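Below are the chains, spelled out letter by letter.
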Amino acid sequence: MIPAVSVSNIHKKFGDFQALCSIDFNIEDGLFFGLLGPNGAGKSTLINIMAGLARADMGTIHVMGNDVRADWRKTRRTLGIVPQELAYDPFFTAREMLRLQSGYFGKGKENHAWIDELLDRLGLTDKADENMLQLSGGMKKRVLIAQALVHKPRVLVLDEPTAGVDVELRKTLWKFIRQLHGKGHTILLTTHYLEEAEALCDRIAILDHGKLIANDTTEALLELCPYRFLNLSLSSPLANIPELIQKKVVSFDNSEIVLRLHRTKDSIGSVLDALNSADISFHDLHINEPGLEQVFLSLTGAKDD
Amino acid sequence: MINWRGMNKLFVKEVLRFLKVTVQTIITPVVTVLLYLLVFSSVLSDHVEIYKGIGYTAFLVPGLIMMSVIQNAFANNSSSLFQSKLNGNILFMLLAPLSDLEIYIAYTGAGIVRGFLVGIGAWIVSCWFVILPVHNPWILVCFTLIGGGILGSLGMISAICSDKWDHIAAFQHFVIIPLSFLSGAFYSIKILPDFWQKVSLLNPFFYLIDGFRYGFLGRSDISVVTSFAIVLGCFILVSFLCLLILHRGYKLRS
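Keeping their order, the protein sequence lines are chains F and W.
Here this note's numbering is used: position 202 in the first sequence is 202, and no number is missing along the way.
Here this note's numbering is used: position 106 in the second sequence is 1106, and no number is missing along the way.
Quick caveat, the hints were computed from the structure, so don't treat them as lab data.
Bear in mind that the values here come from a model prediction, so they are computed numbers and not experimental data.
We treat Cβ as the ideally placed atom computed from N, Cα and C, and that holds for glycine.
Be aware that one or more of the hints could be misleading.
With the Cβ distance kept under 7 Å, some of the chain F side facing chain W (calculated, not the full set) [stated by the list, open to error]:
hint: 1; residue: 53
hint: 2; residue: 54
hint: 3; residue: 57
hint: 4; residue: 76
hint: 5; residue: 85
hint: 6; residue: 87
hint: 7; residue: 88
hint: 8; residue: 91
hint: 9; residue: 95
hint: 10; residue: 101
hint: 11; residue: 104
Chain F with its partners taken away, still in its complex shape (with noise of 0.2 Å):
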């Protein structure tokens, strides 16, 4: 099967600055991807050579088999893209963006229901007859994913679709996308928010300094992490460590324990029960489950703040 995005060897220099060196991956069809990265990373680059904006100094990416310089047009058609920044026209409203956006993919009336759907699902059908500048953050957002989505392309990429939303605003972006996904979108997401890339990505690609320095399955980078932490507020003070759990403390006083347990290899019921066994009680206790922001701070080598 045909990847829907298939980037190889991708090279990107400014100046002096390599902002992308010998990038290689493939996109499974119907796949939610996720492109990680710090500020600086070379995400945003990689998304507009993708989308026609910036020029490859050596490689080629192909969206559904059609390469993007080559096959532009047919590239194009192909690929719906949320950019980053808050993009509007102040002449116009959002139906009108939406129809025009339509019409400049060839498409004409036939289009208008669909567009009417895309209005109706992001919950702008009240507001699609205002101005682009009447309309909040947020609204302009969704306007800007309808915008993606109005040529109805087989992919869809999301550069920070959630950056500067509400709460609110986010979770209803979540479900939407996920819907899509449904439909067989395949989805590239880049995102700040690693909680959000936990729970929605199939795979995930991480870009440091240019170099992709990961491309696993969510659960596979999450394995690079297999420890959770257990903190116990101890009921009084400790007298003795159970030797079932002497290689597992990480700390302790006369007040706390913290213990490193492994996900798959241990229990916590089986460390609760040596516990009681050695008389040590507890009033509070707390898990401190890693997730993918400790994978992507130990690869990319960054601080935790």
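Go by the hints and put chain W onto chain F.
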């Protein structure tokens, strides 16, 4: 294969854009022409005769109409494209399956339409001062299209190359307006000293105005065929330059 629908939609969008601010884009330039006519016609019409048997106002009006056409074609494309660049909404056009040629034709076409509408408005208000004969309507149409086309293309070029509104203003006020004022719109170059006549012949706007005036009056400073050939050459040249800039993606695609 040409994306006709896409190109047409971009053209329609550009026309709709300026029609949404008609006071600024159509009425104001027409009022400016009216003011020129009020001042120049009342002051000079009885004192100056450039072509024998033709009053100064009749001489002036074609020049003013063509000046309005070219200045507004330039203003339309430079402001629209530059504002899109600043707002970031140029992205929507760049992400669409539109070729450089389709983008060029849509924008230039919209610039020509605005120039044409302002020109019609200017002609209508001029009827209050003088009813012009029409010697050859096809010449009027040809020179309007080519004049709007040249300046529409220059408007696109200036918008693409500019980084701030200052750059657009500099191009407009140091290039477009001086060239249009020194193009023989208000006078015949035949009354100029020899040196300034030769300098005037280097100004492509002179040929636009002189040829356009011939379309109304049947009189011109130089042969209308020469003017047509020169303005057509200029149109091909600036179109090529604009397409080259679009093709290279200069300041549009990194």
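Now the hints, each set against the structure:
no., hint, in the structure
1, 53, "5 Å, holds"
2, 54, "4 Å, holds"
3, 57, "11 Å, violated"
4, 76, "4 Å, holds"
5, 85, "5 Å, holds"
6, 87, "3 Å, holds"
7, 88, "6 Å, holds"
8, 91, "5 Å, holds"
9, 95, "13 Å, violated"
10, 101, "6 Å, holds"
11, 104, "4 Å, holds"
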